[in-house]
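Colleague: For chain D, the structure is supplied; the task is to place chain H on it using the hints.
Quick mapping for you: the protein sequence lines, in order, are chains D and H.
Those letters in the first sequence? Residues 229 to 376, by our numbering.
Those letters in the second sequence? Residues 229 to 376, by our numbering.
Rather than coming from a laboratory, the hints here were simulated on the basis of the structure.
Wrong hints could be hidden among the right ones.
Identical copies go unnamed one by one, so any copy, or any two together, can satisfy a pair.
Calculated lysine-lysine pairs in the DSS-like style (CA-CA distance at most 27 angstroms, straight line) [to be verified]: (1) 308 with 271; (2) 235 with 355; (3) 323 with 369; (4) 308 with 369; (5) 271 with 369; (6) 235 with 271; (7) 369 with 355; (8) 355 with 274; (9) 274 with 369; (10) 369 with 235; (11) 308 with 274; (12) 323 with 308.
Listed below are the residues making up each chain.
Protein chains: 2
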Amino acid sequence: MDTENIKHPIIQGLLRLIRAEDRSGAYDTELDEDLIAPFIVTKAQKRDLPMFDDPDPDILMRVGQFYAAVAWEVERRTGKPVAPLMNIHHEGWGKALLICGRLVAVNSHVRELHRFGFEDLAVLIEKAGKLADEGVASIEKFPDVAEA
Amino acid sequence: MDTENIKHPIIQGLLRLIRAEDRSGAYDTELDEDLIAPFIVTKAQKRDLPMFDDPDPDILMRVGQFYAAVAWEVERRTGKPVAPLMNIHHEGWGKALLICGRLVAVNSHVRELHRFGFEDLAVLIEKAGKLADEGVASIEKFPDVAEA
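Isolated chain D (complex conformation) (with noise of 0.2 angstroms):
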């Protein structure tokens, strides 16, 4: 497993913020890669989940957990308290914005959200840094709107 990407800050978040969502200890075993796991999807991964139907609930709950674990990292870049606010229809698509403030920091478009995954930890930290980078952006050119 990639033990080093395991370590990064935005894997970290995301980890805290599933252990969260844990309210037995029925996770106190599980490792960090099992638990990022369904994270990753890869590209044939996709093409052979079905589009038809609703997207599973599990799927939207990582969907949240991504856009909250882009928020705790423009925290941690910013330190300006950030909101994740998502308005995703059931069929598998919409908006998840990142608000700080009266900014839209962070202003995301999703769709397809049954396929939803990284190809890699790799790939999950980069799409996640490019919306931290443009939240951080968005909070440094609006200081005033961000505290607003």
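Modeller: Only chain H this time, still in chain D's reference frame:
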């Protein structure tokens, strides 16, 4: 019926949104006052509405129409595109934002949606007007963010 307030742009906007949901022509013969009637819930009626269980989907649809009507009113006054974005928990509380560019023009918290409604049309217009005022003021305060 309150024929004077029915003519108000906010109520007329709301009626256009309601009629837009009509896919079969069923509303063609309905009077404006009958279509707007479900938005009017008096204090006495609210007391009789239980807070058990989830609010009816029709109520959540009306909440969406209300904020869309406010968005239209802000658009009408500013000439800028405004998009409503709601994130409502199924138990009947959450957030309703109006987004203009990268600006959160209106930031509204809603709760106890089981009892969503207004004492009369004048109160509906007043509440929508206050939200629209907030939206217009924030767009005027941060015009560059509203166009970002």
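Colleague: Which hints from the list above does the structure break, by number from lowest to highest?
Modeller: Of the numbered hints, 1, 5, 9, 10 and 11 do not hold.
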